[in-house]
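Undergrad: Given next are the chains, with one letter for each unit.
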Amino acid sequence: MRITIRRKPYETASIRSSLPLCFERAMTHLQFTGLVFGISAVAGCLGALTGLGGGVVVTPALTVLLGVDIRFAIGASLVSVIATSSGAAAAYVREGYTNIRIGMFLETATTIGALVGAYLATRTPTAILAIVFGLVLLHAAWSSSRGHPRDVAGREDRLAERLRLNGTYPSAQGQQHYNATHVKTGWGLMFGAGTISGLLGIGSGALKVIAMDQAMRIPFKVSTTTSNFMIGVTAAASAGIYLGRGYIEPGLAMPVMLGVLAGSLIGARQLVGARVRVLRWIFAGVVGAMAIEMIVTGARGIK
Amino acid sequence: MNSFDDVKLEKIVAWLLISGVALSALVVLVGAAGFLSNHGSEPADYHVFRGAPQQYRSVEGVLGAAGPSDWRAVIQLGLMLLILTPIARVAFSLMGFVLEKDWTYTALTALVLAILVYSFIAPH
Numbered sequence: 018m019r020i021t022i023r024r025k026p027y028e029t030a031s032i033r034s035s036l037p038l039c040f041e042r043a044m045t046h047l048q049f050t051g052l053v054f055g056i057s058a059v060a061g062c063l064g065a066l067t068g069l070g071g072g073v074v075v076t077p078a079l080t081v082l083l084g085v086d087i088r089f090a091i092g093a094s095l096v097s098v099i100a101t102s103s104g105a106a107a108a109y110v111r112e113g114y115t116n117i118r119i120g121m122f123l124e125t126a127t128t129i130g131a132l133v134g135a136y137l138a139t140r141t142p143t144a145i146l147a148i149v150f151g152l153v154l155l156h157a158a159w160s161s162s163r164g165h166p167r168d169v170a171g172r173e174d175r176l177a178e179r180l181r182l183n184g185t186y187p188s189a190q191g192q193q194h195y196n197a198t199h200v201k202t203g204w205g206l207m208f209g210a211g212t213i214s215g216l217l218g219i220g221s222g223a224l225k226v227i228a229m230d231q232a233m234r235i236p237f238k239v240s241t242t243t244s245n246f247m248i249g250v251t252a253a254a255s256a257g258i259y260l261g262r263g264y265i266e267p268g269l270a271m272p273v274m275l276g277v278l279a280g281s282l283i284g285a286r287q288l289v290g291a292r293v294r295v296l297r298w299i300f301a302g303v304v305g306a307m308a309i310e311m312i313v314t315g316a317r318g319i320k
Numbered sequence: 349m350n351s352f353d354d355v356k357l358e359k360i361v362a363w364l365l366i367s368g369v370a371l372s373a374l375v376v377l378v379g380a381a382g383f384l385s386n387h388g389s390e391p392a393d394y395h396v397f398r399g400a401p402q403q404y405r406s407v408e409g410v411l412g413a414a415g416p417s418d419w420r421a422v423i424q425l426g427l428m429l430l431i432l433t434p435i436a437r438v439a440f441s442l443m444g445f446v447l448e449k450d451w452t453y454t455a456l457t458a459l460v461l462a463i464l465v466y467s468f469i470a471p472h
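Line by line, the protein sequences give chains H and G.
Residues 18 to 320 (this note's numbering) make up the first sequence, in order.
Residues 349 to 472 (this note's numbering) make up the second sequence, in order.
Just chain G, with the same shape it has in the complex:
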C-alpha cells in the first residue's frame, strides 16, 4: 500500500502555495513600507516607458541592491519570490507523484517542469 496519496499531495501543494504567496507578500510589504515612508510624497509618473532600472532586471542585481538604501529592490525581490511559487509547485508535485509511484504523472509533470526550465534559460 502507498502511504502517500492525492490528499496528502493536495495538502502539500496548498501549503506550498500559501507559504510562497505569504512570504512574497511579506517581503513586498516591507519594501512598500520603506519605499512609501521615504518617497511617498514624491510624484508618481509611469506615463513614459523608460524600463525598470538595470539592477531590477536580474536576480543578482536585486539581491545586490536590496536593503534600507534601496526599498524598491526589496519589493522586486518579493515579486521574484512570487514568480518562483508556481514553478516550485510543479517541482513539488513531481516529487509527490514519484512518492505515489504514479509513473504516468511523474512523466507528465517532468515534461512540464523541463519546458518551464527551458523557457527560463533559452535565449530570447
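Bound-form chain H, shown alone:
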C-alpha cells in the first residue's frame, strides 16, 4: 500500500469539479451571485443551528452543483465559516447560550493542536487520517442522534469549578444550570480536533461539538453555540494563508459571505424554539454525510 497524496482531502474532489451536474457555463455574474447567495443562505442556517459552521455544505454545493474549482470553493467556505461564527455568535453570546470561558479555555487546546497539526502535515499520511477521522465522525453521528438520557444535570468536576466553566443557559422553562465534567478529556479531544484541522485543513466544528456534548456533558445548545463561537478563531488562523495563496476570490466569496451571514442570522433566531431532538438529527445527518465523503476521498488517496 503506497500513499500518494499530500494534498488536503477535499482537493481530490477536483475530479468532480470538472463534471458539474447542472448550470453549465453561460451564467452571468448577476445570476451566479443570486444562485450562490441562495445556496449559502441555506448552508448558513444549518451551520448556525448545528455549530458546524456552514462550510460543510458550501464546499460540496459549489463544486458539485456549480463546477467551481475546489480551491476557490475552499477559500469561499473558509470566509463563510467566519461569517456564520461571528454572525450567529453575536446573537448567542447576548442571549446567554455561549459560554465564553469554556470557549477561551478550549481554544488553547485547538490552537496548540492546530500548530502541531500544521507541523505534522508534511510528514503524515493524510489519506489514512482522513479515513480514521471519517470513521470517528460516523460513530459520533450515530451516538449523537441517540442523545443522552439527561441533558441538564451532570456531576461536579473540581477543575470545572476552578476554571469557572459551569453556567446557565436559557430554555423554555427559564434559566437552566449545568455543570461541565471530564474537563481533561474534553481538552484532549479539542487538542485532537485542532490537530486534525491543522493537518487536513478543515474546520473541526463536528469534533468540537462532540467533545463538549459527549465528553464534557455540556447541554447540546451550549455545545453548538460555543463551537460556533470558537470556529471563527480556528478559521481566522488559516485564512491568512489562503488569502496569500489566492484562494479567496472576491467575486465568488462575496455572495457566499452575504448568503451565509443572512442564513446564520435566520438560524440563530430559530434556536430558542428549536427542539434538541430535531437539532441532533440534523447534526447527525450532516456529520454522517461528511464522514462518508472523508472516507471516500481518503480511500481514493490510497492506491
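Keep in mind the hints are simulated off the structure, nothing from the lab.
Please read all numbers here as calculations on a predicted model, not as lab measurements.
A few of these clues could be false.
[Said to hold, decoys possible] Simulated DEER-style distance windows between Cβ atoms:
#1 S417(G) - K201(H): 26 to 32 Å
#2 S406(G) - V295(H): 40 to 46 Å
#3 H387(G) - V293(H): 44 to 50 Å
#4 S406(G) - R286(H): 34 to 40 Å
Glycine included, C-beta positions come from ideal geometry on N, C-alpha and C.
Following the hints, complete the assembly by docking chain G onto the known chain H.
TA: This is chain G only, laid out in the frame that chain H set:
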C-alpha cells in the same frame, strides 16, 4: 469589589462581533453593488483555478486598489475585516480578563492570541 464582570465582558464581545460583521458586510455590499452594476452581465467563470489576482492577496494590495475603479478590491477589503473580527474578539477578551483581574484566563487568552499572531507572521 470588581466593577468589571463576565456579564459586561459578554456584552462587549457581542457588541464587537456585531460591529465587526456589520462593518464588513457593509463594505462587501458596497463593493458588490459596484461590481454587479458594472460587470453584472458579463459571464461568471470559476471553473478553472487561476488564483485571485496578486493585488487581492495582501492588505497593502487591497488598500491600494480599492475604489470606484476596482470594486472587487472593495469586496476583498470587507472580507479582510471579517477575518480580523474573531482575532479582535480574542484581543478584547484579553483586556476584559485583565480588568476582571482573572489571571488564569488572562494567561490562557494571551496564549491563544500569541498563537494566532504567530500563525499570521510565521513563514508558510
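Undergrad: Could one say that the CB atoms of S406(G) and R286(H) fall in the range 34 to 40 Å?
TA: Given a distance of about 37 Å, which is inside 34 to 40 Å, the answer is holds.
Undergrad: For H387(G) and V293(H), compare the CB-CB distance with the range 44 to 50 Å and indicate the outcome.
TA: holds, 46 Å
Undergrad: For the pair S417(G) and K201(H), does the Cβ-Cβ distance stay inside 26 to 32 Å?
TA: violated, 56 Å
Undergrad: Cβ-Cβ distance between S406(G) and V295(H): within 40 to 46 Å?
TA: holds, 44 Å
Checked against the numbered hints given earlier, the structure breaks only hint 1 and satisfies all the rest.
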